[in-house]
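Given chain Z, put chain C in place with the hints provided.
Number of protein chains: 2
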Amino acid sequence: MRRVAVVGVGYSQFGELWERGFRDIVLEAGAEALADAELEGKEIEAMYVGNMSGGRYLGQEHIAALIADYSGLAEFGIPATRVEAADASGGLAVRQAYMAVASGLHEIVIAAGAEKVTDVGDPMEILSASVDMEWERFVGGNLPALYAIMARMHMESFGTTEEDLAMVSVKNHRNGVKNPKAQFRREIKVDDVLRSPYVAEPLKLLDCASISDGAAAVILASENVAREITDTPVYIEACTQASDYIALHSRKDVLTMKAVVKAAREAYKLARIEAKDVQVAEVHDSFTIAEILAYEDLGFSEKGKGAELIREGITEIDGDLPVNPSGGLKACGHAVGATGVRQIVELTLQLRGDAEKRQVDAEKGLALNIGGTGATAVVSILGR
Amino acid sequence: MRRVAVVGVGYSQFGELWERGFRDIVLEAGAEALADAELEGKEIEAMYVGNMSGGRYLGQEHIAALIADYSGLAEFGIPATRVEAADASGGLAVRQAYMAVASGLHEIVIAAGAEKVTDVGDPMEILSASVDMEWERFVGGNLPALYAIMARMHMESFGTTEEDLAMVSVKNHRNGVKNPKAQFRREIKVDDVLRSPYVAEPLKLLDCASISDGAAAVILASENVAREITDTPVYIEACTQASDYIALHSRKDVLTMKAVVKAAREAYKLARIEAKDVQVAEVHDSFTIAEILAYEDLGFSEKGKGAELIREGITEIDGDLPVNPSGGLKACGHAVGATGVRQIVELTLQLRGDAEKRQVDAEKGLALNIGGTGATAVVSILGR
Numbered sequence: 000m001r002r003v004a005v006v007g008v009g010y011s012q013f014g015e016l017w018e019r020g021f022r023d024i025v026l027e028a029g030a031e032a033l034a035d036a037e038l039e040g041k042e043i044e045a046m047y048v049g050n051m052s053g054g055r056y057l058g059q060e061h062i063a064a065l066i067a068d069y070s071g072l073a074e075f076g077i078p079a080t081r082v083e084a085a086d087a088s089g090g091l092a093v094r095q096a097y098m099a100v101a102s103g104l105h106e107i108v109i110a111a112g113a114e115k116v117t118d119v120g121d122p123m124e125i126l127s128a129s130v131d132m133e134w135e136r137f138v139g140g141n142l143p144a145l146y147a148i149m150a151r152m153h154m155e156s157f158g159t160t161e162e163d164l165a166m167v168s169v170k171n172h173r174n175g176v177k178n179p180k181a182q183f184r185r186e187i188k189v190d191d192v193l194r195s196p197y198v199a200e201p202l203k204l205l206d207c208a209s210i211s212d213g214a215a216a217v218i219l220a221s222e223n224v225a226r227e228i229t230d231t232p233v234y235i236e237a238c239t240q241a242s243d244y245i246a247l248h249s250r251k252d253v254l255t256m257k258a259v260v261k262a263a264r265e266a267y268k269l270a271r272i273e274a275k276d277v278q279v280a281e282v283h284d285s286f287t288i289a290e291i292l293a294y295e296d297l298g299f300s301e302k303g304k305g306a307e308l309i310r311e312g313i314t315e316i317d318g319d320l321p322v323n324p325s326g327g328l329k330a331c332g333h334a335v336g337a338t339g340v341r342q343i344v345e346l347t348l349q350l351r352g353d354a355e356k357r358q359v360d361a362e363k364g365l366a367l368n369i370g371g372t373g374a375t376a377v378v379s380i381l382g383r
Numbered sequence: 000m001r002r003v004a005v006v007g008v009g010y011s012q013f014g015e016l017w018e019r020g021f022r023d024i025v026l027e028a029g030a031e032a033l034a035d036a037e038l039e040g041k042e043i044e045a046m047y048v049g050n051m052s053g054g055r056y057l058g059q060e061h062i063a064a065l066i067a068d069y070s071g072l073a074e075f076g077i078p079a080t081r082v083e084a085a086d087a088s089g090g091l092a093v094r095q096a097y098m099a100v101a102s103g104l105h106e107i108v109i110a111a112g113a114e115k116v117t118d119v120g121d122p123m124e125i126l127s128a129s130v131d132m133e134w135e136r137f138v139g140g141n142l143p144a145l146y147a148i149m150a151r152m153h154m155e156s157f158g159t160t161e162e163d164l165a166m167v168s169v170k171n172h173r174n175g176v177k178n179p180k181a182q183f184r185r186e187i188k189v190d191d192v193l194r195s196p197y198v199a200e201p202l203k204l205l206d207c208a209s210i211s212d213g214a215a216a217v218i219l220a221s222e223n224v225a226r227e228i229t230d231t232p233v234y235i236e237a238c239t240q241a242s243d244y245i246a247l248h249s250r251k252d253v254l255t256m257k258a259v260v261k262a263a264r265e266a267y268k269l270a271r272i273e274a275k276d277v278q279v280a281e282v283h284d285s286f287t288i289a290e291i292l293a294y295e296d297l298g299f300s301e302k303g304k305g306a307e308l309i310r311e312g313i314t315e316i317d318g319d320l321p322v323n324p325s326g327g328l329k330a331c332g333h334a335v336g337a338t339g340v341r342q343i344v345e346l347t348l349q350l351r352g353d354a355e356k357r358q359v360d361a362e363k364g365l366a367l368n369i370g371g372t373g374a375t376a377v378v379s380i381l382g383r
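Read top to bottom, the protein sequences are chains Z and C.
Here the first sequence is numbered in numbering that gives the first Met the number 0, starting from 0 and rising by one per residue.
Here the second sequence is numbered in numbering that gives the first Met the number 0, starting from 0 and rising by one per residue.
Just chain Z, same shape as in the assembly (with noise of 0.2 Å):
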């Protein structure tokens, strides 16, 4: 396998794009990140693109296709491919484009993620179909039911309190406000977190991402060929893929995400490193808790002590290890499909040092990326 790089990153504004079609969104970023590398787009390969419900928000399927067509590399006719797996669908486009480069098939491929969600249908619901419809969705266990389980599990298990939760939700909003395309850019406080009204007791509005429209690209190469796009290549040095059951119920531990534990080992087996020489991570804090169980699984904390990292601040962009400095999908707002390729792009303005008002001092970042309650994990290992 060839060493990857990323040489060119995009993403549209996060949000309630009421204005705006999926199509539209899909290019900005697209062009974007054609931009960023310097490219035509003739030059592209190949095309991976991460949805998860175009088919019943916009009554639209063969996404890829369309994405190719409305590019303009339909021209071409590349092969166009759609990839799934819930709000993990992004992490496997940029997987799936990552392996075509490193197996040799191709030298430039790109991977976008997308999701249009305000037009029609119920989000919620929707989002819902990431878990075992048949035996959890159908007795009540939606999204946030099943992450609330895993919540007031841990609280009973290990200590972790409401405020707690609440941190992290504070730190994330904290840290949005500094990146321009995430949806919400206002500090929070604590109390705002606990004064908020239960979703799924005892998790609070404010402790539950968004449901957003939104829109990532990012363009990889491989090694030979980054060299001649770019100065600033930053070199995918893993990208593991692992499953567990799809239903809380089936799993032995409720409080390990058995694929993120898979994935991250394989991972820093690959990039050679381990997990204390990660320097920054994206994590799917598609609510609190979930940040708080990636930082155990992911290996930053033992079990069960996950609450201590965002406790003493460690996990704060400027913290030892700054986890979610673009804000993370409870400030950017949660794009589904894009969520997977938007932290792509974070990580790598952050190692080129792109990153602006949120810099970190990186050469090593980590994006961990879930679908559904963790049946899919997408683990990548950036570098510099």
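If you're looking for bench data, these hints aren't it; they were derived computationally from the structure.
Treat each hint with caution, since some may be false.
Copies of one chain are not kept apart here, so a pair can be met inside one copy or by any two copies together.
Pairs of lysine-lysine residues, derived as DSS-like cross-links and limited to a Cα-Cα distance of at most 30 Å, are as follows [what the hints assert, rightly or not]:
1) 41 - 268
2) 41 - 275
3) 251 - 41
4) 188 - 41
5) 363 - 251
6) 251 - 275
7) 268 - 180
8) 356 - 302
9) 180 - 251
10) 41 - 302
11) 275 - 302
12) 302 - 268
Same frame as chain Z, now just chain C:
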């Protein structure tokens, strides 16, 4: 890139499977493929699942994780990836699995395809989401209407007749009688087709494949591993994918599926054969005109002369180039996401000599799987 072999195949009954669920039929196909390969399951290193519209038919996304779970493979945490390109989703699953093995990343990978359409929803509307919803479907251009335009233009340009189209359906029904898993196992006559009601003139009911339930699975392995597993490996000598403008009105020539031409040309080159070397083919006869166009765009005939092959009996099961010995989409039933995988199952059985009453004599076979009206095409060439 390494050589890749098909070492196990399986598929469910195709049809209106009211009494069975999505999970049931996928597991049946997968279990049959495992039994065929004499594997237990734990040897599988990755899974790709082709499915077009689980979100709309079942209210369920995250399809690949679901299948990994229900097939017992989540225990091993293998990467499970859903791919979608309308009715080319199955072909994409095979191609991703092929790439995963050919690249050296994995030794044994399963590709499955499935669709369950009879439970809920409006299959005609849901399948039409394969075309440009904003610029085609919105103004009435659903899938039969667009293929009707192609058929009418072919008749006007090249003298193809409604009888020619009918003969495609008659041939495929005749073959389907010999396929125990086909949905429609009865012979029909040209007159039956001509007297069936118009769906979109000149296409009649019996020119159109049904939208059906079904699942199929193939297990791929690297050449070395394949030799240990089976005495009758069938090699995938090429598996290529291309795209075209999604909307018919954007294409310079409506009667040439550019994606098919491109994918076929690349496949012939990789397999080091020419069109004339193909001895059996499974092509995408979602509508009878699609099979005529396939003859032309795959190079089995010159452009405009596709109908001659059906008139002269060349593509009959006992002709020089049997096409759709399985019964094709028309007689098997078009289980959207499953079709592209079912085609590989059929070619494998044919090349192994396991096709029983529908056996043809062939060493090289080709499969063509199309998404929508040709915005995606996947061409596979198999050999023994």
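For each hint, the structure was consulted:
{"no.": "1", "hint": "41 - 268", "result": "between (35 Å within a copy, 22 Å between copies)"}
{"no.": "2", "hint": "41 - 275", "result": "neither (41 Å within a copy, 32 Å between copies)"}
{"no.": "3", "hint": "251 - 41", "result": "between (49 Å within a copy, 19 Å between copies)"}
{"no.": "4", "hint": "188 - 41", "result": "neither (48 Å within a copy, 49 Å between copies)"}
{"no.": "5", "hint": "363 - 251", "result": "neither (32 Å within a copy, 48 Å between copies)"}
{"no.": "6", "hint": "251 - 275", "result": "within (27 Å within a copy, 56 Å between copies)"}
{"no.": "7", "hint": "268 - 180", "result": "neither (33 Å within a copy, 46 Å between copies)"}
{"no.": "8", "hint": "356 - 302", "result": "neither (33 Å within a copy, 60 Å between copies)"}
{"no.": "9", "hint": "180 - 251", "result": "neither (39 Å within a copy, 39 Å between copies)"}
{"no.": "10", "hint": "41 - 302", "result": "between (48 Å within a copy, 28 Å between copies)"}
{"no.": "11", "hint": "275 - 302", "result": "within (15 Å within a copy, 62 Å between copies)"}
{"no.": "12", "hint": "302 - 268", "result": "within (20 Å within a copy, 54 Å between copies)"}
When the structure is compared with the earlier hints, violations turn up for hints 2, 4, 5, 7, 8, 9 and for no others.
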